[in-house]
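Mind docking chain B on chain A? Use the hints.
Protein chains in written order, with the working numbering: chain A, 53 to 308; chain B, 3 to 69.
Calculated directly from the structure, the hints in this document are not laboratory data.
Note that the structure is predicted; figures quoted are calculated from it, not measured.
Incorrect hints may appear among the rest.
Okay, derived cross-link-like pairs now, SDA-like style, lysine to any residue, Cα gap no bigger than 25 Å in a straight line [said to hold, decoys possible]: (1) K32/B <-> E178/A; (2) K32/B <-> G253/A; (3) K32/B <-> K194/A; (4) K33/B <-> Y113/A; (5) K177/A <-> G253/A; (6) K32/B <-> S244/A; (7) K194/A <-> G253/A; (8) K118/A <-> N9/B; (9) K177/A <-> R40/B; (10) K32/B <-> T111/A; (11) K33/B <-> G179/A; (12) K33/B <-> R99/A; (13) K32/B <-> G146/A; (14) K177/A <-> R38/B; (15) K33/B <-> P105/A; (16) K32/B <-> R136/A; (17) K267/A <-> G73/A; (18) K32/B <-> K267/A; (19) K33/B <-> G253/A; (20) K33/B <-> K267/A; (21) K32/B <-> R98/A; (22) K267/A <-> G253/A; (23) K32/B <-> M109/A; (24) K33/B <-> I119/A.
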Amino acid sequence: MTDQWSVAGRTFSSRLIVGTGKYKDFEQNAAAVAASGAEIVTVAVRRVNVSDPSAPMLTDYIDPKKITYLPNTAGCFNADDAIRTLRLAREAGGWDLVKLEVLGEAKTLYPNMRETLYATEVLAKEGFLPMVYCVDDPIAAKQLEDAGAVAVMPLGAPIGSGLGIQNRVTIRLIVEGANVPVLVDAGVGTASDAAVAMELGCEGVLMNTAIAEAKDPILMARAMKLAVEAGRDAYLAGRMAQRRYADPSSPLAGLI
Amino acid sequence: MISIILNGEPRQVRGGSIADLVASLGLDVKKVAVERNRDIVPRSILGDVALAENDVLEIVHFVGGGC
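Excised from the complex, chain A in its bound form:
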């Protein structure tokens, strides 16, 4: 059975997108990406170290020809910085599919939606294909879609918190209303959280810290792969209705 998903005309088999931050070293990072089965990784854009240009680079360990690099704007707190970063990313990588996030404050890393919406409009006009980190608000998600977002990526909980999907209702409402892929971005802490996101009908999940800060990141990467697949299958299978009380699974007739 092939169960693929598409964003902006590109098709992928894996519904798990992983970050490349916080790992002990590049070897561990590459091994975790392999174990996760991810076909897309998020990357950041930063100044090169001009005093040590021979320092190892991410591209030496994770091949951008095999794994899609999704440049993101983590660390940008206004639209202009995010747009500038992605213009550089497009020049560095040569592709238009990018992840936009414009943060509102350091404490919660919640998105600044006014700046996010503005940046989405500008980027879309410049030919970018922005996948956009956003609040778990169905109205905001529609506004982003109208502004040119090719995917909406609501947070499940604050970035790096590992608190899991805090509001299943709003994630479900976003999924029901969206005409573009919805991916939970941020908040996943363990495998069951990823399964929940998929059971709600999301097209995929993006995570970083849940894998990178696990005691065994490579084993957790595999767990996340299986959880995303399990959650997706459960969503497609259609779960049973919930009852308020018990309902026996064995026949009542023929009891001794």
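Relative to the frame of chain A, chain B by itself:
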């Protein structure tokens, strides 16, 4: 020698093109992107754009990062 700001730091460099500068820094031009005075300089013309006094350059690449 001319004075430029490279990745936020003042620096004295020989003139020439941006491609010359990138090469002199030991960087692979295919793995970086360059912004000059807030405008992207396409990779295809890095060899044609001459450095000028007080240019502000940003040279960036991809690093590990999450969400």
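A quick look at each hint next to the structure:
no. : hint              : result
1   : K32/B <-> E178/A  : holds, 23 Å
2   : K32/B <-> G253/A  : violated, 39 Å
3   : K32/B <-> K194/A  : violated, 38 Å
4   : K33/B <-> Y113/A  : holds, 14 Å
5   : K177/A <-> G253/A : violated, 29 Å
6   : K32/B <-> S244/A  : violated, 41 Å
7   : K194/A <-> G253/A : holds, 17 Å
8   : K118/A <-> N9/B   : violated, 30 Å
9   : K177/A <-> R40/B  : holds, 19 Å
10  : K32/B <-> T111/A  : holds, 11 Å
11  : K33/B <-> G179/A  : holds, 22 Å
12  : K33/B <-> R99/A   : holds, 12 Å
13  : K32/B <-> G146/A  : holds, 10 Å
14  : K177/A <-> R38/B  : holds, 22 Å
15  : K33/B <-> P105/A  : holds, 11 Å
16  : K32/B <-> R136/A  : holds, 19 Å
17  : K267/A <-> G73/A  : holds, 15 Å
18  : K32/B <-> K267/A  : violated, 36 Å
19  : K33/B <-> G253/A  : violated, 37 Å
20  : K33/B <-> K267/A  : violated, 32 Å
21  : K32/B <-> R98/A   : holds, 15 Å
22  : K267/A <-> G253/A : violated, 29 Å
23  : K32/B <-> M109/A  : holds, 13 Å
24  : K33/B <-> I119/A  : holds, 16 Å
Consistency note: the structure conflicts with the earlier hints numbered 2, 3, 5, 6, 8, 18, 19, 20, 22.
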